[in-house]
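Participant: Listed below are the residues making up each chain.
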Amino acid sequence: MLGRSGASRGGPGSGHEPGLTVYTADLHVHTALSPCAEPEMTPVDIVRVSIERGLDIVAVTDHNSGRNVRAVAACAEGKGVTVWPGMEVQTREEVHLVVLTEGLAELEEWERFIRAHLPSRPNRPEVFGEQSLFDEQGRVCGVEGQLLLTSVDLGVDQVLREARRRGHICYPAHIDRPAFSYVSNLGLVPPAEDFEVVELSWRARPEEVKARHPSLEGRTLIVASDAHRLAELGLARSFLVLREPSLDEFRAAIVGRDGRKVVSGF
Amino acid sequence: MRVGEIVEVLGLEVTAGAGGLGREVKSGYTGDLLSDVMAHARPGDLWITIQGHQNVVAVAVLTEVAGVVICGGVEPERDTLERADREGVPVLRTGLSAFEVAGRLYSLLKGKRDAG
Chain C
1 MLGRSGASRG
11 GPGSGHEPGL
21 TVYTADLHVH
31 TALSPCAEPE
41 MTPVDIVRVS
51 IERGLDIVAV
61 TDHNSGRNVR
71 AVAACAEGKG
81 VTVWPGMEVQ
91 TREEVHLVVL
101 TEGLAELEEW
111 ERFIRAHLPS
121 RPNRPEVFGE
131 QSLFDEQGRV
141 CGVEGQLLLT
151 SVDLGVDQVL
161 REARRRGHIC
171 YPAHIDRPAF
181 SYVSNLGLVP
191 PAEDFEVVEL
201 SWRARPEEVK
211 ARHPSLEGRT
221 LIVASDAHRL
231 AELGLARSFL
241 VLREPSLDEF
251 RAAIVGRDGR
261 KVVSGF
Chain L
1001 MRVGEIVEVL
1011 GLEVTAGAGG
1021 LGREVKSGYT
1031 GDLLSDVMAH
1041 ARPGDLWITI
1051 QGHQNVVAVA
1061 VLTEVAGVVI
1071 CGGVEPERDT
1081 LERADREGVP
1091 VLRTGLSAFE
1101 VAGRLYSLLK
1111 GKRDAG
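Protein sequence lines correspond, in order, to chains C and L. Each step along the first sequence adds one to the number in this note's numbering, with nothing skipped, and position 11 is 11. When you read off a place in the second sequence, starting at 1, and then add 1000, the result is the number in this note's numbering.
Don't read these hints as lab results, they were simulated from the structure. A couple of the hints might just be wrong.
Stretches of chain L that chain C covers, calculated by requiring three or more beta carbons in the stretch to come under 8 Å of a beta carbon on chain C [to be verified]:
| id | region |
| --- | --- |
| 1 | 1025-1035 |
| 2 | 1046-1059 |
Which residues of chain C face chain L? A few of them, derived with a C-beta cut under 7 Å, are [what the hints assert, rightly or not]:
| id | residue |
| --- | --- |
| 3 | 93 |
| 4 | 155 |
| 5 | 184 |
| 6 | 185 |
| 7 | 186 |
| 8 | 187 |
| 9 | 188 |
All C-beta atoms in this analysis are idealised placements derived from N, C-alpha and C, irrespective of residue type, glycine included.
The shape of chain C in the complex, shown without the other chains (with noise of 0.2 Å):
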């Protein structure tokens, strides 16, 4: 856990069990180093919007990359706002999927594997847009020189099983979008005993979408806004019921134990 929480209590799912907060969340959030990201997608400005649209946890998900986690989280140290490790791989089959580590450590050990299988080619910033690095401090201390947009030489399941392997939370990204999808780009919704969470893009209505795809009927849909400017940051959220802001509780949530869940909503 990094941060401290100042959990907003109430709200959609309140009536919970004694000892469990509502937790605002948006886990999936760009920074300036996804080269699509505006590059006002700073550590400092994440951090400021997310406490002005009450967000509790973020989740910050670049491309094939984790090296600006630890600049959000210094910027949102003592802020009331908890920062989880993520990133956001994109597979062989161009499937985007959300990853979330326990803690820093685990996302640089996650990051040096993900490298080893990213085909090595310079970024071009003119066409594919910046990479910006930076410091705890929040500024600019430098720029990822290897193109990060684009697939990993793993599949699916390939990096499913790593990330299980590792005890990492890995679940399919906007599953509804009809680009770098499990389901535009695999034909199918993925089977239950493989991710019994999947993410919803900040255009889909859950309840439809369960309509369409029957088989996500009892899974846990996560809403997030795949934020690549401030405009759309916490523009969809999901609601976590959870005793802290913990990648266990989460965990929980996702298969509903003990009272933990999660709400998703807008």
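Assemble chain L onto chain C, guided by the hints.
Facilitator: Relative to the frame of chain C, chain L by itself:
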């Protein structure tokens, strides 16, 4: 033309589903977005792709394509091969690009007709 004949002419490697080599190929479809293939491939097509995920077999069964050619030297995953053997869907592999395979297949299936 049968799948087995196309394997011979194009020099494809049969990685799984040899039981289906006698199937008749009427036409072809090229695509890597499985949702698109599901919507547009027709029975009897030979499907040309660079995807090696096991869902390729599910989509092949669903669309009743004659077989799948995995191009560009991509290695189909083990699950894909096991499933293809179970379903009898020929999964053929080649180092040729999808462009090359599609061009050659087109000549084989339609070249004569167009020339005539």
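Participant: Each hint: holds or not?
Facilitator: Hint-by-hint comparison with the structure:
1. 1025-1035: holds (count 4)
2. 1046-1059: That given contact holds, which follows from 7 residues of the region 1046-1059 of chain L lying within Cβ reach (below 8 Å) of chain C.
3. 93: holds (5 Å)
4. 155: This hint holds: residue 155(C) lies near chain L, its Cβ roughly 6 Å from the closest one there, short of 7 Å.
5. 184: At about 5 Å, which falls below the 7 Å cut-off, the nearest Cβ of chain L leaves the hint on residue 184(C) intact, so it holds.
6. 185: For residue 185(C), the interface hint holds, since the closest Cβ of chain L sits about 6 Å away, which is under 7 Å.
7. 186: With a minimum Cβ separation of about 4 Å from chain L (threshold 7 Å), the hint on residue 186(C) holds.
8. 187: The hint holds - residue 187(C) has a Cβ within 7 Å of chain L, the shortest such distance being about 3 Å.
9. 188: Hint on residue 188(C): holds, closest Cβ of chain L at ~6 Å, below 7 Å.
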